[in-house]
Structures are given as C-alpha cells and as structure tokens.
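> Sequence:
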Amino acid sequence: MAEEVKLLKTWSSSFGLRAVWALKLKGVQYDFVDEDLSNKSPLLLQYNPIHKKIPVLIHNGKPISESLVILEYVDETWKQNPLLPEDPYERARARFWAKFADDKVVTSIKNVIFKQGKEQEEAIDEAFENMKFLEEEIKGK
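Be aware that the sequence shown starts at 1, since it is given in UniProt numbering, and climbs by one per residue.
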C-alpha cells in the first residue's frame with residue numbers, strides 16, 4: 001500500500017516551509033494543500049480542530065500539527081537523511097541556529113514587510129545582520 005502524505009499550509013508560511021524542507025530532504029512524496037486562512041477548509045478544521053491553524057501533516061489519515069512536532073515525526077518516520085547531526089553538541093548547535101532563525105531572522109523579515117518608514121529601514125538593517133550571522137554559520141554545510 002502506498003503511503004498517503006498531505007501537507008496543509010499556505011505558500012507564505014515559514015512554519016510550513018520547515019515541513020516542506022524536511023519532506024524534500026527525506027525524499028518523501030507528498031500532496032500540497034494550499035489553505036486559505038481567511039476561509040479555513042473542512043479538511044483543516046477536521047484535522048486540526050483545536051488550533052485550526054497550519055501546518056498540518058496528514059500521514060495515512062493521521063494528522064500531526066505544529067511545525068516542530070511535524071519535523072520530529074518526519075525524522076522518526078523516514079530514517080534516511082537525518083535532520084539533526086548524530087553528535088549531541090552539533091545537535092544542540094543546530095537547534096540553537098533553528099531557534100535563532102525563528103526568533104531573529106523570521107521576526108526581522110516580518111518587520112520589513114509590515115513596518116513603514118524609519119521602523120522599516122531599521123528592520124531591513126536588522127534582517128540583513130541576522131541573515132549574515134546565519135549565512136556564516138551554515139556556510140559549507
């Protein structure tokens with residue numbers, strides 16, 4: 001029996017992109033279901049009735065919600081191409097940089113989009129600085 005894998009997300013969701021990247025890294029075929037968050041689908045409401053938000057991974061009819069939980073599930077379900085290094089120290093560093101990306105990079109990019117005037121200019125500078133840190137860390141990996 002072929003596995004059924006669906007991913008409910010929006011094209012612009014950074015949290016949904018986490019799941020996309022993990023599935024692609026693992027070589028998992030999946031169907032993408034583009035959600036309209038202003039008009040939530042019956043599928044989303046059925047599979048995430050508590051939070052009613054994306055992303056949601058549906059694997060053989062079983063839903064998994066919350067991007068970090070999805071990443072753990074993907075890594076534990078499909079063993080090829082582990083998402084985290086085997087070494088505990090390197091794993092901790094990877095988690096640190098993932099948190100940095102969430103807390104600093106994504107936040108500063110959102111500020112670039114939603115702020116205006118001087119606040120937007122400051123957000124642009126902050127976003128570039130944060131991306132430089134991240135780029136330096138992942139260079140050559």
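No wet-lab data here; the hints were simulated from the structure.
Model, not experiment: these values are computed from the prediction.
Heads up, a few of these hints could be off.
Using C-beta positions, here's what the derived DEER-type ranges look like [what the hints assert, rightly or not]:
{"id": "1", "residue 1": "76", "residue 2": "49", "range": "31 to 39 Å"}
{"id": "2", "residue 1": "38", "residue 2": "85", "range": "25 to 33 Å"}
{"id": "3", "residue 1": "122", "residue 2": "49", "range": "22 to 30 Å"}
{"id": "4", "residue 1": "136", "residue 2": "107", "range": "38 to 46 Å"}
{"id": "5", "residue 1": "69", "residue 2": "40", "range": "16 to 24 Å"}
{"id": "6", "residue 1": "77", "residue 2": "124", "range": "18 to 26 Å"}
{"id": "7", "residue 1": "128", "residue 2": "49", "range": "22 to 30 Å"}
{"id": "8", "residue 1": "4", "residue 2": "119", "range": "31 to 39 Å"}
{"id": "9", "residue 1": "115", "residue 2": "88", "range": "20 to 28 Å"}
{"id": "10", "residue 1": "89", "residue 2": "4", "range": "21 to 29 Å"}
{"id": "11", "residue 1": "117", "residue 2": "25", "range": "37 to 45 Å"}
Even glycine gets a Cβ: it sits at the ideal position worked out from N, Cα and C.
> Does each hint fit the structure? Answer for all of them.
Against the structure, the hints:
1. 76 with 49: 31 to 39 Å: violated (24 Å)
2. 38 with 85: 25 to 33 Å: violated (40 Å)
3. 122 with 49: 22 to 30 Å: This hint is violated: roughly 40 Å between Cβ atoms.
4. 136 with 107: 38 to 46 Å: At 19 Å between Cβs, range violated.
5. 69 with 40: 16 to 24 Å: holds (20 Å)
6. 77 with 124: 18 to 26 Å: violated (39 Å)
7. 128 with 49: 22 to 30 Å: violated (40 Å)
8. 4 with 119: 31 to 39 Å: violated (45 Å)
9. 115 with 88: 20 to 28 Å: This hint is violated: roughly 39 Å between Cβ atoms.
10. 89 with 4: 21 to 29 Å: violated (37 Å)
11. 117 with 25: 37 to 45 Å: For residue 25 against residue 117, whose Cβ atoms are near 39 Å apart, the range 37 to 45 Å holds.
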